[in-house]
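A.B. asks: Below, each chain spelled out in residue letters.
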Amino acid sequence: MEHLTILENKSIFIIREAYYRFKDIAMLWSVGKDSTTLLWLCRKAFFGQIPFPVIHIDTTYKFPEMYRFRDEYAKKWGLNLIVGRNEGQIEAAMGPGKGSKLDCCNELKTNALKETIGKYGLKALLLGIRRDEHGIRAKERVFSPRDENFKWDYENQPAELWDQYKSTAAEDNHFRVHPILHMTELDIWRYIKRENIPMSELYFSKEGKRYRSIGCAPCCSPIESNASSVDEIISELETSNTSERSGRAQDKEDAYTMQKLRSLGYM
Amino acid sequence: MIHMNDTPKLLVIGLDGVPYTLITDYIEKGYLPNFKKILSGGFRLHQMDASIPDVSSTSWTSFMTGVNPGEHGIFGFMDLRPGSYKIYFPSSRDIQAPTIWDIIGGTVNNRNSALYGAYKTSINNRLRSIVLNIPQTYPAAPMNGILTAGFVCPDLKKGTYPEYAYNYLESIGYVPDVDAAKAAEEPDLFLKEVFSALEKRALAYDYFFDNESWDLFIGVITETDRLHHFFFDAARDQGHKYHDLFVSFYKRIDEIIGRLFTRFMDKTGGMGLFMTMSDHGFTVLRQEVYINSLLREGGFLKINKQKEYFEQIDTGTKAFCMDPARIYVNLEGRYPLGSVSAPGKKDVIRELKDMLVSLADNNGNPVINTICENGDLYQGPSSDKGPDLVCLANDGFDLKGTLKKEEVFGKGQFSGMHTRYDAHCILPGNIEMGVRLHIENLAGIILNYFSKERTWNT
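Heads up: the sequence lines are chains W and C, in that order.
Its first residue numbered 1, the first sequence is counted upward by one per residue in this note's numbering.
Its first residue numbered 1001, the second sequence is counted upward by one per residue in this note's numbering.
Don't take each hint at face value.
Partial chain C-side listing against chain W, Cβ under 8 Å, derived [stated by the list, open to error]:
#1 ALA1180
#2 ALA1181
#3 GLU1308
#4 ASP1323
#5 GLU1406
#6 PHE1409
#7 GLY1410
Which chain C residues stay away from chain W? Per the calculated CB distances, all over 12 Å, these [to be verified]:
#8 THR1021
#9 GLY1042
#10 HIS1046
#11 SER1057
#12 GLY1106
#13 LYS1120
#14 LEU1203
#15 GLU1212
#16 ARG1263
#17 SER1383
#18 ASP1395
#19 GLY1416
#20 MET1417
#21 ASN1448
Calculated directly from the structure, the hints in this document are not laboratory data.
Ideal Cβ placement from N, Cα and C applies to all residues, glycine included.
Produce the complete structure using the sequences and hints provided.
C.D. replies: In structure tokens:
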């Protein structure tokens, strides 16, 4: 079997298994390339009609192109779209300029998601994370339990050998399910090409720059690139050795450092 | 079993923020039997001066490079990008001078320093070092040996070299730092973490001590500093809720050091050089003093609250302060909104000094002990990057560079503050400095030990 078909089969198996185990399930869609690929796989798994809600956590700081893309395809693909927002903090003008960037992420992403999970009584979430994205994600499991405080106890998680996934959890917990964990950035783009999956225009070069990873506009930096088509992105990635999230990494380190210094009375 | 080696070995235990005076007191009280034993065996406890400013990032960099901030280029945890008010956090990549492990390990690359120049020809540069938890070493640069970075270390993997050392640290649940944000709201949990982080460090030190070959071993304990920031008032107050816990933490450190000392002496047949040291001292914090509020009151600083951090500095600003008490004149040409001309700088410095020396609290106690000018403190190619003035406070007054406060005096959750004059160092008694010990001297002592032309014997 062809490489991409093997990857696709594995993802679809996980998606169906998750839906079979948890009826109170939803998928998270950030509108980025990975979760849009996951969305595509979910559509394929259920023959075009996804039987669970698709959640977009809206910090209000996403690129306008992302909101346009979300609304266009939510309609076109008949999605049951839930937009989750931390309204209290949005009213209180939380943003990357107020407090630390870590506080901003925590309020507008993590807490918004917590609220949404609580509101809809969700027991499991499908997420489009990949093992090669970041060091810590190498420890992720396909079925990954989170406790009521959202803590991921990565030293105490069930083994996953020979594709025997453990998918039961204690009462207060919810499961995170990662159907594309086994794909790399390059696999994703090759799959996008094969399936002709629509992607946000932000990924394609304009005036010598493009985004390799998209999120909130104030915290994303474009990379120097002339790749303006899927083919050109694939050939760029085949020769690149810089990290996909490098535009975001320094920001995260700075946010961490700032928080650490504050906790000791500096700044 | 005694291993006699051709090359000498050196063990440094760094104790972040552990004061000379507290060690002296605790030895007298009988809390530190191992320290006492070491000192009775031919070692001497020195009171030592830290760098100026006496923050960990600067002082540890002075320790590991053996040169002043004007040469190594680290003046604090935070600095401004040249020609702007944009903040950044200097990392190991910003250190301009080679470290001791670079010098003895042959990884100096193209850096230079006065100290390196002095030892370049006489040093054996194939020596292997284990360097654990020294602040300001993130990200870990390739070196001859093992390094895991201390504060601030956002990513243990990037903070550790080589990768197999990271894999080991990760496997034992080693944490680069405790979560100090917990200290105020959940003090018991914070203290539990402080003890547990110390145990992980001790475990890692034992492991690398036994399983790696090395010539220089530096293990730093930073939990002392964290404990002191929040609970230094418990150090001598027997009625304090956390006094016993504070003392028991020191007793545990004493055990760890006693064990490492004995094993080191066994390993080297009593021939190795053993040293403990700290990057600054600590004293009880009575009041925080917000220098930028004072500068605002004195008309030196104008703030635009629409912006953030130091980009708040507005037109008409003559001077501003960054942690802890680094004062910069807002000079034309140096900063985008610079309003002081080069010839006018002298007057601004005089006005600043006049205001600062007369600063007193409500009871009339003077706040500032000494005001140093850049030229008194820093020599070297990075001196120009340094502050124009640095204030040293009298004990009890913790000088702060925050822009967020309106008032000049305040008190937060912290009960301890750094002191420059009360760092400590334990050295073999036969190493005579002739002058009061300064943290910048230690790298020279270490290099001298590994040098072919060693000027003393152990």
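A.B. asks: Check the structure against each numbered hint from earlier and tell me which ones fail, lowest number first.
C.D. replies: Hints 5, 6, 7, 11, 19, 20 not satisfied by this model.
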